[in-house]
Amino acid sequence: MIVATEVTGVLAAALAIATICLVGALLAAAWRLWVGPNLADRVVALDMVSMVMVVFLVVFKLVTGNNAYVYVAIALALIAFLATVAFANYIDRSRGDSDE
Amino acid sequence: MSDWIAAALLVAGGFFCLVAGLGVLRFKDTYQRMHASTKAGTLGLGLVCLAAMVKAETWGNVTEAFFVFLFMIATAPVGSHLIGRAAFRARIAEAPGTAHDPGSETFRSHTTPGAAPSRPLPGE
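If you read the protein sequences in the order shown, they are chains A and B. Residue numbering for the first sequence follows our numbering, starting at 267 and increasing by one per position. Residue numbering for the second sequence follows our numbering, starting at 157 and increasing by one per position.
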């Protein structure tokens, strides 16, 4: 089971529900990343995937009690923002005739 | 008591993240999908961070969990605005029935200073 042994009761159930919801969100964003249909949609889906990963890391912090996950979440948020800015600059120059 | 509060916040946060994912999957064009991922996703992240703050052991951990949310709420609108702006200027396809403000075409045809000369569009 994904929930660690020291987390019990209602909090463990809530963590399991939140994890299932996040897996659903991750699958939906990954599907949009796969099918496109154009580059801007894929960048939006990649942004969504990284945001769900940040939420996952905060949930993992609650599951394990290890506060290092929060630092990883902060760093991942920074990297995701830089990737989004770089891709937006690229779309701006490509004029949308990239991969259709 | 704090277990119940954190559990409610976690379930709500997971629900909003799921709604954001469904929005990214089901909406019709890039601009609507961007709307779903930014607003609902940030709200889900904020609720889960609030749950982490409720269950934190020390005030330092509360501050760190708050920094995650602060950083995401500072960067998500900026990144989303940049993608929307670039998609509009690159003439990414819009859903049928999208209305434009008068004068937005001049912003759209404007080229980035210093950018490479762009190819002509298929329709031109």
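Hints were generated in silico from the structure; no laboratory data involved. None of these values were measured; they are calculated from a predicted model. Treat each hint with caution, since some may be false.
What the hints assert, rightly or not - Some chain B residues near chain A, calculated using beta-carbon distances under 10 Å:
{"no.": "1", "residue": "Leu-165"}
{"no.": "2", "residue": "Gly-169"}
{"no.": "3", "residue": "Thr-198"}
{"no.": "4", "residue": "Val-204"}
{"no.": "5", "residue": "Phe-223"}
{"no.": "6", "residue": "Met-228"}
{"no.": "7", "residue": "Thr-231"}
{"no.": "8", "residue": "Ala-232"}
{"no.": "9", "residue": "His-237"}
{"no.": "10", "residue": "Ala-251"}
{"no.": "11", "residue": "Pro-252"}
{"no.": "12", "residue": "Gly-253"}
{"no.": "13", "residue": "Ala-255"}
{"no.": "14", "residue": "Pro-258"}
{"no.": "15", "residue": "Gly-259"}
Said to hold, decoys possible - These stretches of chain B come out as covered by chain A in the derived footprint (C-beta under 8 Å, 3 or more residues):
{"no.": "16", "segment": "179 to 186"}
{"no.": "17", "segment": "215 to 222"}
Said to hold, decoys possible - Not the full set, but computed from the structure, chain B residues with beta-carbon under 8 Å of chain A:
{"no.": "18", "residue": "Met-157"}
{"no.": "19", "residue": "Gly-170"}
{"no.": "20", "residue": "Ala-176"}
{"no.": "21", "residue": "Met-190"}
{"no.": "22", "residue": "Gly-200"}
{"no.": "23", "residue": "Ile-229"}
{"no.": "24", "residue": "Pro-233"}
{"no.": "25", "residue": "Gly-235"}
{"no.": "26", "residue": "Glu-261"}
{"no.": "27", "residue": "Thr-262"}
{"no.": "28", "residue": "Phe-263"}
{"no.": "29", "residue": "Arg-264"}
The beta carbon of each residue, even a glycine, is placed where N, CA and C say it ideally should be.
Open item on the list: If you test the structure against every hint from before, which numbers come out violated?
Closed with: 10, 11, 12, 13, 14, 15, 18, 23, 24, 26, 27, 28 and 29
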